[in-house]
Amino acid sequence: MSWQAAALLLGGGVMFLMALGTPVVIAFLAVNLIGAVVFMGGLGGIDQLIANATSSITSFALVPVPLFILMGELLFHTGMAVRVFDALDKILGAIRARLAYLTVIGGTIFATLSGSSIANTAMLGSTLMPDMEKRGYSKSLIMGPIIATGSIAMIIPPSSLAVLLGSLARIDVGALLLAGVVPGIILSVMYLAVIRLHVWIDPEAAPPVSPVSVPTREKALALLRDVAPMGLVIFAVIGLIILGVASPTESAAFGVLAVAVLALFYGKLRWQAVEKALWGTLSVSVMMLVIILASSTFSQLLAFSGASAGLVAWTAGFELGPHATLLAMLAVLILLGMFMDQLSIMMLTLPIFMPLIGMQGIDPLQFGIIMLLALELSLATPPFGLLLFVMLGVAPKGTSIWQVVRACLPYLACTLILILTLIWLPGLIIW
Amino acid sequence: MAILGKLYSGLIHALAVLAVISILVATGLILGDVTMRYLGLGSIRASSTLIEYALLFSTMLGAPWLMRRRGHITVTSLVEQLPPSGQKAAGALALGISTVTLLILGWRSAMVGYDKFLRGGADIRSIAVPEWVSYGILATGFVLMGTECLRLILQRRFEPHGSVAA
Amino acid sequence: HAETTLKAVSAFPANLAFAQSFQGFVELVNERGKGVVQIQMMGGPEVFPPNQQIDAVSRGIVDMQYGPATYSIGTLPEAYAFVGGTVDPVETRKNGGLDVMREAMLEKLGVYLLGRPDSDIRFYIYTVGEPKRSEDGGVDLSGMQLRALPIYNKFFESLGAVPISVPVADVYTGLERNTFDGLGFPMIGIRDLSWDKFLKYRIDPGFFQGDLSIVLNPESWEGLAPEAQELLTQAAADWEVQSGEHFIELAKETETGIAEAGVETVQLEGEAAEKFLDAAYETSWQALKESGSPYYDRLRETFYDR
Ligand code: NA
Ligand code: NA
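Protein chains in written order, with our numbering: chain C, 21 to 451; chain P, -11 to 154; chain A, 618 to 923.
It is worth saying that the hints were derived from the structure and are not from the lab.
Please read all numbers here as calculations on a predicted model, not as lab measurements.
Check each hint, because a few of them may be wrong.
Stated by the list, open to error - With a Cα cut of at most 27 Å, we get these calculated DSS-like pairs of lysine-lysine:
| hint | chain 1 | residue 1 | chain 2 | residue 2 |
| --- | --- | --- | --- | --- |
| 1 | A | 725 | A | 892 |
| 2 | A | 749 | A | 771 |
| 3 | A | 817 | A | 771 |
| 4 | P | 76 | C | 417 |
| 5 | P | -6 | C | 296 |
| 6 | A | 624 | A | 651 |
Construct all of the structure, not just a fragment, from the sequences and the given hints.
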């Protein structure tokens, strides 16, 4: 079978089954099943598929997924999240859409401690979404900033993806991590501008601010009582990493512990709240991990069938200059990113991209950051975008995947603009 | 028959409770492991392996429960454009495909797991885990997800569903 | 017989040194085997997870695989003879050692062992802080927490260290923040992940031997023309020698490189060095013996000459 036909069978199959209303995870599993029979051959192929699946999520790197979700669910169901936002509301005063700004600022700060975009988005989503919803923010103003900021986690260090990229592509890991700081901050500033623009075009998107002025004393009190203690949570997650007590993967567990301790201290650790938080955690983390399980085996099948290698080799076949080469790579990454997970994309494309980079004399660091940004983009592009699914997992019933995609579009555009700037003017961002 | 149905529902729920417990155990193990390491008391050798397996355990045992709650992500916006009869047909087709897929996967997981059990190999991580364990967990999850779909077919509930409504 | 094409996978991403070595073997076969036998690379870990690749070969989904035999140690404890061995591949081809291992791999894993290239690699203990020396000139690692793969566990414990398991992605940050004190790793590849930035000491001598093997699906192997079988066997034997030389060269370059980058060598001499190595090799043979393997005596005889 030609690579084009294989790509059509696998990619088209998943899209058809999704459109038919088959749960996303089963759409992947069903196409995996057919693909295993066609490309690997009979029952042996199916057995191999299952063997591959056993390795897919028994990975320590995925531990922060359920843990950060649990942290967010606890913050929300114990009512502590509401108190923090009420307090910040008071303190920030009369800025329209302040919670959206807060998402970006808080999410960026969180990105400096979390290395996983999935965990970061899950945390922001389960903590902030219900509150903003209650306050009457429009869906796009809630979901766009959460996904966009969530995904910064893998650009700003620490980032497990940057470490893997650096080691697979033989780019200096330390330099690559550092090189992510400025683009990460630029992105978050761009996101703030998008929010400003959004409320300027559509003032209805955020509820009007109350004209009541709050006395400074009350502001200070709110800050001390409701916000400052959250420092314990931040310390548990960030501080323990910096002190070298826990690894970035492990520190999520201390975040959970800190939230539980605070809730106990506030007298909010009721069984009912805990129970709700636990079931909420199970439902979001199962939903995500089962899709990771099904889609990682799908990625492997796509690679085995020759579909993805065919695409990559096809682009490499054109003889292009440095800028056009980077653009072609970007196109391939975006296309693969619609269907594959990030690690598989890296393992598949790097062996072909790196020699091209060398031949064209492109700075590996420049390429590394562009690649990271393109991988970040892939998390939010349909039909397979993990962050889209995370968002749907925490969004209220009745939210459609298209609403989520539409909410992300302006933010995705920011990332694209940044990538294009980096292709032509790398000096602006990387020194 | 009614008792059987109750037992079955009880099983789905009990496995979900186990799934939650395994997330909590994983959290506890990390806390314990890091604390011991910090205090210079060494490390719990088994912890990283147990945590890695807890991920698979909680996911596959929670999946049938999520299926019952219709919480697996589903894109229903296109199907909803169809007239009611078309919706029903699409729903029946989707459920049929789901049932067949999941039961085949469950069957093969069980067979491979049984084969691994007979051979007695181990997955060597920080501790050794018998190889059949992960296949057994997958088999349990896939089969019960499949029977959940079958239940919907038997009850003729073909309407589009999922956590994504529109 | 017409030309046969064998589908192959490797346990490493294509740009790592080991995968490139296998690529060299593939090119050698494709060059010599025109009209007889060809190897088609299907990919690396992006196609099958490394620890599932051997099963893919025994199921016949691919015909050939290259990767560390110790990934299957839970089913094939005999792989300890690879890491715990000291006899080079040329010799194990002559003294029958390769045949014993071939028998074991066929029985336990259902694959045919073609060869064991890249065996000439050594593993080292790297640490962040200076290791304490014992009175007899050895090292005393008591209380140190070292990142370990399962095959090192017993050896590290015998040195007083606490082996801990840390996922690859967490090692960089862990070293940066001093979450643990060091790790075991081959000479080659230590710089690929930039870990040498934080590792300031390397304990010499290196221990163990490479465990990389090329295996085939038994039916694919039997189905080959005798001419193709001979060609593959010869190519594997030649590549074992060529790749060995290449890796010794590469290890020397890396050693100089990390020394220039400021990694200090903690040199164990004479009896202390012997004692250190004894502990390393003996723990492997001990583990094989404890597994109750019927191949123990024959493997010990043919793979070990210390
Ligand atoms: Na980060
Ligand atoms: Na995507």
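Outcome of the hint check:
no., hint, in the structure
1, 725(A) - 892(A), "violated (33 Å)"
2, 749(A) - 771(A), "holds (20 Å)"
3, 817(A) - 771(A), "holds (24 Å)"
4, 76(P) - 417(C), "holds (21 Å)"
5, -6(P) - 296(C), "holds (24 Å)"
6, 624(A) - 651(A), "holds (16 Å)"
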